[in-house]
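**Q** All chains should be modelled from the sequences, with the hints used to inform the complete structure.
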Amino acid sequence: GQNIDQPTEMTATEGAIVQINCTYQTSGFNGLFWYQQHAGEAPTFLSYNVLDGLEEKGRFSSFLSRSKGYSYLLLKELQMKDSASYLCAVRAGGNQGGKLIFGQGTELSVKP
Amino acid sequence: NAGVMQNPRHLVRRRGQEARLRCSPMKGHSHVYWYRQLPEEGLKFMVYLQKENIIDESGMPKERFSAEFPKEGPSILRIQQVVRGDSAAYFCASSRTQSEKLFFGSGTQLSVL
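Chains as they are written, first to last, in this note's numbering: chain X, 1 to 112; chain V, 1 to 113.
It should be emphasised that the hints constitute simulated quantities derived from the structure, not laboratory data.
Hints are not guaranteed to be accurate.
Stated by the list, open to error - Straight-line Cα separation of at most 30 angstroms, DSS-like style, residue types lysine-lysine; simulated pairs:
id	chain 1	residue 1	chain 2	residue 2
1	V	K101	X	K81
2	X	K81	X	K111
3	X	K76	X	K111
4	V	K44	X	K68
Bear in mind that the values here come from a model prediction, so they are computed numbers and not experimental data.
**A** So, in structure tokens, the structure goes:
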């Protein structure tokens with residue numbers, strides 16, 4: 001089966017750092033993606049990991065451990081506009097092709 | 001370079017009517033994916049198509065739902081005889097290959113009265 005878990009909601013303070021965790025159990029693995037989604041809008045791509053380790057892109061970093069089935073998204077210097085839902089998704093690959101399987105999303109609230 | 005275009009943005013139907021949702025992928029993209037999202041929930045995979053072929057429809061209900069991606073024109077998600085439980089946001093995404101990231105459209109909000 002396919003299972004992707006992430007916390008339902010988190011709260012953090014403007015200027016702080018927050019880490020959003022994601023664990024997965026899938027029938028195959030061909031990459032892990034993080035998307036950001038503001039209410040009523042389209043999900044937008046944030047990061048992609050296929051090998052173990054840290055990928056850094058500005059204020060956002062994403063980490064992957066394939067042996068542990070674990071990833072996290074790190075957001076630094078939080079801004080109010082970072083309040084959004086953060087979606088973890090896995091591409092199982094193989095005969096499932098390019099589709100992504102999404103977790104339920106983590107609703108992040110950034111407070112002043 | 002236009003992104004993924006979905007229309008209509010909002011669609012209101014009465015129970016029993018048909019809903020047709022359209023999706024034009026990004027230029028150069030031949031892989032299309034449809035997802036459904038209920039309020040405060042994640043994206044649920046429905047169907048994955050590659051020009052004229054359905055690759056994976058494991059997330060799509062067997063009855064009343066169908067999808068196509070013809071050689072010419074947009075991909076269509078069709079829901080026949082809609083019921084209130086079909087009310088949701090339907091997102092389309094596209095990718096250039098099956099290994100690259102997905103780009104999402106702005107979604108169609110379907111409301112069934």
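**Q** Work down the list of hints and note, for each, if the structure agrees.
**A** Results of checking the hints against the structure:
1. K101(V) x K81(X): 23 angstroms, holds
2. K81(X) x K111(X): OK: K81(X) and K111(X) at ~10 angstroms, within 30 angstroms.
3. K76(X) x K111(X): 14 angstroms, holds
4. K44(V) x K68(X): 24 angstroms, holds
In this structure, none of the earlier numbered hints is contradicted; all agree with it.
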